[in-house]
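A.B. asks: Sequence:
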Amino acid sequence: MKMNVFTTAAGAVAGRRAVRDPGVVVLRGIPYAAPPFGADRFRAPRPAAPWNGVRDCASFGAVAPQSAELPGAPVWSPGDEDVLSLNVWTPDGDGGRLPVLVWIHGGAYVFGSSAQPDFDGTFLAGHGVVVVTLNYRLGFEGFGHVPTADGEEARPDNRGLLDQIAALRWVRDNIASFGGDPGRVTVAGQSSGATSVACLMAMDAARGLFRRALAHSAVNACATPESAARTTAEVAAAAGVPATYAGLASASPKALVEASDRVAEGYRRDPGSGHRHYDPAIYGPVAGVAGLPADPLTACAAGASREVDLMVCHTAEEYWLLDAVGSCAKVTTEQQLTAFAADHRLSRSLPADYRALMPGASVNEIYLAVYGDLMFGEYSSRLAESHARAGGRAYLARFVRRRDGHGAPVRAWHCADIPFAFGTLDDENVRFLVGGTPGAADRELAGRMAQAWADFAATGDPGWQPVGSVTGDAVRIWDTSPESGGSGWDDFREPWRAPGLPLRAP
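The opening residue of the sequence shown carries number 1 in UniProt numbering; numbering runs sequentially from there.
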């Protein structure tokens with residue numbers, strides 16, 4: 001098979017035509033930074049070493065240390081160190097400078113990779129966009145706080161975010177060789193990847209590296225310095241090492257992954273452990289430290305990156321996925337529901353308000369609806385609205401597509417929107433998310449969503465009115481029926497008006 005060769009600052013790279021579309025060239029596993037281990041462990045990313053000759057970029061790079069085994073994706077093996085790599089899909093022979101979309105995967109900051117089959121960039125590249133996906137440090141390696149004593153070199157917090165910034169710098173310096181326009185970069189992500197995007201908007205180190213931001217299902221969870229320090233103490237104890245730089249560095253990446261899993265499982269098994277019991281994601285960006293002075297919602301309200309166009313989307317039934325895969329606690333009694341509200345500092349009236357909006361719903365369904373809006377729906381909406389009120393341009397969308405199919409219905413749940421925007425509906429590994437073989441209406445929806453992403457990346461306008469518009473409804477509803485332009489927006493935001501939105505630390 002003929003290879004297409006491109007030049008980067010570190011050396012030449014070769015890619016091949018994509019199987020799904022021979023008009024697209026794909027390159028996988030391009031290093032954007034040096035392996036973050038050995039002497040570089042817990043440090044900010046360092047430049048990748050240059051190479052001679054042409055590097056054959058046929059395979060995805062190693063994934064970051066994690067315990068997850070995801071369908072269709074590679075798994076991490078101890079000893080895999082060259083984990084800071086990215087992938088490029090580019091239309092072949094376009095000749096112009098195309099908009100660029102840089103994708104940051106989700107996974108609660110502890111799992112996932114750019115090699116997941118739902119993130120194949122071929123379909124989007126076919127819409128005239130150069131697509132970049134990347135790996136970054138996860139778990140303790142990427143987001144654990146590393147204490148340092150006097151005289152020791154400080155190890156920065158938020159190393160995973162610094163990796164993302166290093167990848168964006170690579171895009172700035174190299175993407176023109178792949179037909180991309182470094183002046184029209186959109187940074188995009190889903191779930192923890194979406195909150196990473198929102199954090200990048202608040203970080204001076206990322207300023208000027210992207211023009212637009214796209215956030216699907218941003219999650220309401222940033223650590224405080226105090227909560228990050230507590231997590232470090234818990235993980236160090238579980239690993240059997242001192243909670244010091246020397247102690248943590250003496251533990252292997254595998255040991256810290258296993259220790260983190262034990263800490264999370266301890267919260268999962270303990271109903272009296274507070275908000276972490278319900279879905280024990282113990283890591284997140286540390287806000288209020290050097291590099292990230294405030295959480296994203298506060299930063300947006302203060303006008304951080306008001307010059308960046310922002311597009312936000314969330315799904316209508318986010319937490320139903322977490323319930324279906326068993327990653328969140330069951331709440332089946334009124335007593336448990338009351339405890340849940342108290343553990344998350346919610347108004348006592350919230351469950352009752354939702355019950356009035358959901359006649360006939362079970363206690364667990366009310367819990368999932370409230371939890372989904374606390375962690376994703378209301379938080380995502382407020383990011384867009386805060387950005388708009390502070391002078392930025394923001395767009396808001398909601399994904400509501402459901403499918404009855406056989407057995408239990410496939411809901412408009414967390415992650416279901418992404419295979420539509422990436423056009424990866426036919427991959428067997430995403431069938432669970434979307435409910436089996438896609439139909440004609442599903443493919444039409446995928447085309448509309450991908451075109452909206454491409455248009456936003458190109459012009460900053462996805463095709464509907466921005467938040468705050470006086471000329472029409474400013475919420476796009478994504479469904480297999482013709483979109484209503486916002487007429488399907490419901491009353492579930494009203495209960496949040498009075499109590500506000502508690503910000504949750506992991």
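Read the hints as simulated data drawn from the structure, not as lab findings.
Some hints here could point you the wrong way.
[Stated by the list, open to error] Here are the computed distance ranges between Cβ atoms for each label pair:
#1 Asp461 x Lys254: 20 to 28 Å
#2 Gly72 x Pro22: 16 to 24 Å
#3 Gly274 x Thr298: 51 to 59 Å
#4 Gly23 x Ala441: 23 to 31 Å
#5 Pro242 x Asp343: 25 to 33 Å
From the three backbone atoms N, C-alpha and C, an ideal C-beta is built for every residue, glycine too.
A.B. asks: Look at each hint and say if it fits the structure.
C.D. replies: Okay, the hints, checked on the actual structure:
1. Asp461 x Lys254: 20 to 28 Å: violated (47 Å)
2. Gly72 x Pro22: 16 to 24 Å: Holds, at about 22 Å.
3. Gly274 x Thr298: 51 to 59 Å: violated (23 Å)
4. Gly23 x Ala441: 23 to 31 Å: Hint holds: Cβ distance 26 Å, inside 23 to 31 Å.
5. Pro242 x Asp343: 25 to 33 Å: For Asp343 against Pro242, whose Cβ atoms are near 31 Å apart, the range 25 to 33 Å holds.
In summary, the structure is inconsistent with hints 1, 3 from the numbered list given earlier, while agreeing with the others.
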